[in-house]
Structure formats: C-alpha cells, structure tokens
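Engineer: Chains as they are written, first to last, in the working numbering: chain A, 1 to 531; chain B, 1001 to 1311.
Heads up, a few of these hints could be off.
DSSO-like cross-link-like pairs, simulated, lysine-lysine; straight-line CA separation at most 27 Å [to be verified]:
no.	chain 1	residue 1	chain 2	residue 2
1	A	Lys519	B	Lys1076
2	B	Lys1169	A	Lys519
3	A	Lys282	B	Lys1169
Since the hints were made in silico from the structure, they are not lab data.
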Amino acid sequence: MVAVLVKLKWAYFKAGFRKNPWAWVGIIFGALYALGGLVGFSFVAVMLSGNPDAVFTFLVGAGAVISLLWWVVPLVVSGADATLDPGRLVAYPIRTKDLQLGQFIGAFIGLPGIITLLFMLAMVLSLLHAPLAILGFLSAFVLACVTTIAVSRFITVVSLRLRSNRRSSQLMNTLAFLLLIAAGPLLGFASTGLVALWERAPWIVDAVSFTPLASFWGIPAHLVKGQWGGASLCLMLSVIYATVAWWLWHRHLAKTMRNVSAYAGNVATKSVKTGDLGLLGKFPATPRGAIAARTVLTILKDPRASFMVVMIPAFYITFAMMNSAIYVNGESGGTNFFLVVFLPAMAGYLFAYLVSYDNSAFSMHVLAPLRGIDDRIGRATGVLVVMFPIIVLGTLLMAFVSGEYASLPIMMGLSVMMLLNGIGLGAYMDMVITLPTPPPGTSPWKTQRNPDGFSKGIARAGYMLVLLATSIPGLVFWGVQEFTSNSLWGWVGAVACLVIGCASIMLGLRAGAHRYDAKATETLQRVTRAA
Amino acid sequence: MTQPHHFQEPHDNLPLTGRDEARSRSYTNHDKQASPVPVEQESAAAHEQAPVQPETVPVGEAALEISGLVKVFDDKVAVNGINLFVPRGSFFGLVGRNGAGKTTTLSMATGMLPPTEGTVRIAGVDVWSQPLDAKRKVGVLPDGVFLFDRLTGEQLITYAGRLHGLDEKTVASRTADLLRAMDLQDAAGRIVADYSAGMTKKVALAAAMIHAPSLLVLDEPFEAVDPVSASNIQDILKAFVARGGTVILSSHVMDLVQRLCDHVAIMNDGRLLAAGTTGEVRGGLSLEERFISLVGGRHEGGEGLSWLQSL
C-alpha cells in the first residue's frame, strides 16, 4: 500500500511536467539555484572542518534553519502537497499507518525534498577531520529526516483544521503576508544584529542544540567537541522528539481521516439582520452604485484582493521606517520610484483583476441589461473608494517622514496620477486579456497556471511597462524641481499630473465600456475557463 | 392544435442562410414533411446519414425562437444546428444526456455565449443584436456558476435587482417577497458562501426572477434542492406559467419533466431528436422510455459484472 501511495505521488510529480514547459523551466532554474547554494554550502562545510567550535555552530545553525523552513512553509502554503491529502483518500481502505509512511516517503519526491536531503548530506563534509563524529552523523541524518518531516506534516494537519474556518484562514493569510513584507527589514536587522548576538551568546547555539530544531545535529556536533555527555543527551532527546512527533502526526492524521468532511469549511460566519444591506444600502440604488458597493466588498473581504489593502499600507509603513533610518544617516532614499509610481499604479491596476476574481459570477453582469459604462464606472468607484485614501495618506506619511515638504505636491500629483492611470488601463485591459487568478474560495497563495500561454504573459508585462512609463511627465517635473530648487515646478507638475490622470481614467473607462458592450460575453468565457 | 413535426435535412446544410426568410414566409411549409415522432432506427445510429431535424410548430407568439443555432468550440461541434420554437405560456422541458449540448444551447439563447451561427429571439427581440432589450425579458438560472458569495442572500437578490435598474422600493419589496417564497427568510442575513447547495440554487433563482421576466430559463433548477423546497419552487413556477409566463428548464430527471412540463424537447449530440407537446413526444410511452429509445446507448444491466454480488 505504501508503495502504491509513493507511486501515486511520483506519477503526480511527473504529470506536472507533461505539456508544461514552464514546469521544466521552473525545476531547472530551481535545481541550478539549489546546486549553486549546495556548492557554496559544501565549501563552507569543508572550510570549517578543522575548527570544532565553528563546526558545532555550523551543524546546529544550518540544521535548525532547515527544520524551521519545513515547519513554517506549511503554515504559509496551504495544501502544499495535496496529492496524498487524507480528504481525497479517505474513501479508500487505507490504514493511517500506511498513509503516514506514504506521506513520509512522498515528502522526498520533488525538488524541496531532494534539495533538503542533499543539504543534510553535505553537512557531513564539516566532519572530515572527525571520523568518529561521522558515525554520529548517520544516526543524526535518519533522526533529522523523521523529525523534520513528522513535525512539518503535523503542522500541516493542524493548519488544515485552522484553515477550514474562513476567518482564521484569512487571518493566517494576512499574517503570512505581513511576515513576508516585514522579511526585508527583519533580515536587515538580523544581518547586523545576529553577528553581535553570535559573539555575545554562544550559549544560544548550545541551547538550540537540545531543541527539536536541531537536537539530532547536536549528536555529531557535540562529538566533534569531544563532549560525550552532550552527544548522548542529544541522542536520547532526538529519539524522544522523533517518537513524539511521529505519534502526534499519527494521532492527528487518524483524527483527520475520521472527520474529513467536518473540516470542509462549514463554520458559519455571523449573520446580519434581515433588511440590513450593509454597504449596498450606503451606495446609491443604481447599477453603478450597486457595483461600486460590491467592488468595495470584494476588495475588502475577498482574500485574493484584500491582501492588496493590507500590503499597500504595509509597504508605506515599512519604507517610512527604513527611510527615517536612512535620512538620519544623511542619505537620500532610493525608494521613491517604488512608492510614488509603482505602488499607486498597482493599486489602480487592481481593476484589471476584478472580473477575473468574479470568475463565472460575472455572468450575473452579462445576463443583466447592463451598459458597459455602468459596469466600468461602478468598479472604478469601488477601487477609488478603497485605494484613494490609502494612497493619499501613504504619500502624506512619506512626506512627513522624509521632511521634504517641498516635494509633497509633485509626489502627491504623481501618486494620484498613477492610481488613475492604473484604473484607466485596467478598465480597458480586463476586456482584452485575462489575468490568471485563483478561483473564488481558494487560497490566494495557490499559483494559477497561465491560461493564455507565453505570448500573452509577455504582453501583460508589456502593459505594465507602458503603465509605469506614463509616470515620465511627472518625474520630469520632479527632476526639474530638484535641479532648480524651485518648488513652482513641483506645483506645475502636480497640476499636469492631475490633468493627465483624469484624462486617462476617463479615456480608459470609455474605451473599456465600449469594449464591454462588444466583448463582455467573450470575457465571461475567458474568465470562466481560467478557473 | 400543435403537432410534432420532423423534417429531414442534409447534415452539411447547417445552418442555412436565408432560413429566416423561409420561416417567416410560412411555418406551414414543414407540414408536408411532417412525420410522426421519429422511429428508433432514425435516431441514435442512423442520424449520421439522415439527421432528424424536428421542431415544434410555431403557434401563437414565441417566448423563445431559435433558428439555425450552431456552436463550434475549437474543433468540437457542441450544438449542430438547432431550431426551436417555445410558445408563450408553455412549460418547456429540455432533456438530454450529459454533453448533449443543453447548457451550451441555453447559454447562447440567453446572451451568455456568442453563437457561431444562428439567431435567437426572445419575445421577438434578437438576443444578439439588441441584447439589452432581450435581457430585460428573460431571467436565467445558469448551472454551475459561482455567485458573488461574499454577499448575504438578501444583498445578492438586491444586487441583481439593482443591476436591472429597478428602483429602490421595488427591489426591497420584491426581495422580501422572494426570500419568503424561497424559504430563505432565516438565512437572508447570512453570506451565500455559507449556504447549502440547495439554498444557493434557491437564492440564484430568486436573483433570476427579481426583474419580473416573462421568460425564465433554468438550467438544472432542482439539482441538490431538497424535496420540500423543490415542491415549493414547482408551485412558484406553475403559478408563473398560469399567469402567462414561460419556463424553459433543463433536467436529467425524466419523471419530473413529464409531470411538470407541457412541452418537451430531446437533445442528443448537439441536435434535437424530438420536440413538441409532452404527450406527442411521449407517444404513449413514458418520457424516460421514449428518451432512451431515441437516444440509445443502453446496454444490458449488470452484464459483465457477475462478480458484483453480496454473499
């Protein structure tokens, strides 16, 4: 039975490459990237091999990082490995024990599993000068595989249960996004802070060597230093950790297999009173008003769109923090282009994703006697209601942090213009191309295969470039202001930006409306097929 | 008196340009080709050579009129030249196997899917040249589409009403009525994502009815709906027809169609095999027997599964 499951996983892995050149590109680049890393990693291992203290830190540190990756990834990527998902296999008479073993072996099929094995094996290179420790390494390798995978799968099973509740699932997604955004500054802090920590507190590494993160690597690590006591303690702890992790995983897997349908997302969210139309009651009772209200609801509540609402302010805040640090050092921030051009443009271009997010629910618009202009203006209003305050407040924050109030008019003009340009372009483009998005109700992390193929992908990138290029007039005015130190240029530029922005949103909405009237049905077929 | 009419037509002759003129000149010109409901030999196996191209006889005004409808997806012909006349005030059932082309036909008839060829008129209005006027007259329940399920049931019905440009008061009172009629009052404030399959069907049906259309096109309306709700919905639809409305529904459940519908059309492989009043199409058999004899594809039950037995 275990062999059948592993074969299934292998077949699924292979099927991912059939007729899909991008999977090949992905795995080849991934493999090259990993091999490069592996060579560097092995080199470090060999270099350190003479120095027992360094080897100790290397084994425990690298081992802990590998474990940590395996523990955290399932939290972020839901259903990372759905092939041997109990939900799909529960109808078959499979013993939990077999499924567990199948999932364990299956974990090593695929690029992440193979890379992990190679990195773990490469760690032995640091022990070239300590043959005795190599014996310890063998037991460490086996225990590391068991514990890492067991804990990882245990976390997957538990997070699966958390995710069955829409609310906690959204919360986890938001947290994950925030973590990702914060990763940059955190890494910056880590690279400077960690070195200091390392020098001051080697005991932390020592302590980590007894935790489930790295106790198995503690065995050879302590042996290298000649610490027999530490090594035997690590061995004992590792066996206990592995057993407990395996047992926990088994228990929860069995529980999940008994209750598969119970985690299918049947947790009712709160109900509002009859007659309470929410946002729909706050907007005008017209087609445009209804579409605007519904668009706002989609942007705020649909996790596929709401991450933008979290991410954009988070970018402003993160960069404001970084910039304040940079300005203290007397350097100018190189982030302005990103914040003043790219971010507002993306906020506006969200429009182009809206119909894709609707998916086949868009049929309700197509079936109604709805004019294109009503659909376009309704959606544009919805995007503006959410994004305009965010962009304006974010730009104010930037000016406040940098203290460059003289640049505020042109920064504000540019930001607002890019938001309007993004909406204008999006309002036309969504009737021409389909942006691949996950279907409603699925994780926003789910990668979506591009339904249009390579050429359309290139075209999409081209449209983004065009959008970014529309910032050039504003940037020129900004440059002239900086060069002449005359803030009048900024004011003139801001007015010019507003005029351009208003013109492009009006043009985009009109052209989009025209195209909607002619092509809405074809767009419906396209977004439905993309699901 | 309506009679089922079936006339022969060469396969490669579809769709005919100028066919509309012929139709508008006189519907009776088909009468000389009229034959009884086709016999079995003409159906499943034989229609390659001699396609049966039956159609209902147009009597009175049409709620829906389809002529020469063709849909080709890439290289697959999903709908292969359909002519259908749905009289106003009829309760019309469209039956066929999976993949027969029912949903494709209904999608083209309601302005969701552009046909490759052919025309569709709803109450005389061409769906593909005057889409907005046509869409005001028809309410559609598509099968298997997502809904805006982050809205509550009440919001969704209201949203549909507003998309149709109805004023606030009308939308509010009709929404309340529809919620009551569909037994959804208790769930009105819950988001549609939390609804069961049957409740979702009902709220979608309510959204399709809010603009008081004269024609309802329902794709699999009773799928996953519980028996009590199904009976209630049937009562609503019967009352709608009694007041002069027209209902077209597709279904796999022959007994339901036989009981509910006064007209029926049988589709297979993108073509109509028979159409007419339910009594005429049945021709003394039950609809299910008639359907199977026309469509074919049955084999001896349980043959080759002799090992499948309880001990």
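Engineer: With reference to the structure, classify each hint as holding or not holding.
Structural biologist: Now the hints, each set against the structure:
| no. | hint | in the structure |
| --- | --- | --- |
| 1 | A/Lys519 to B/Lys1076 | 22 Å, holds |
| 2 | B/Lys1169 to A/Lys519 | 32 Å, violated |
| 3 | A/Lys282 to B/Lys1169 | 15 Å, holds |
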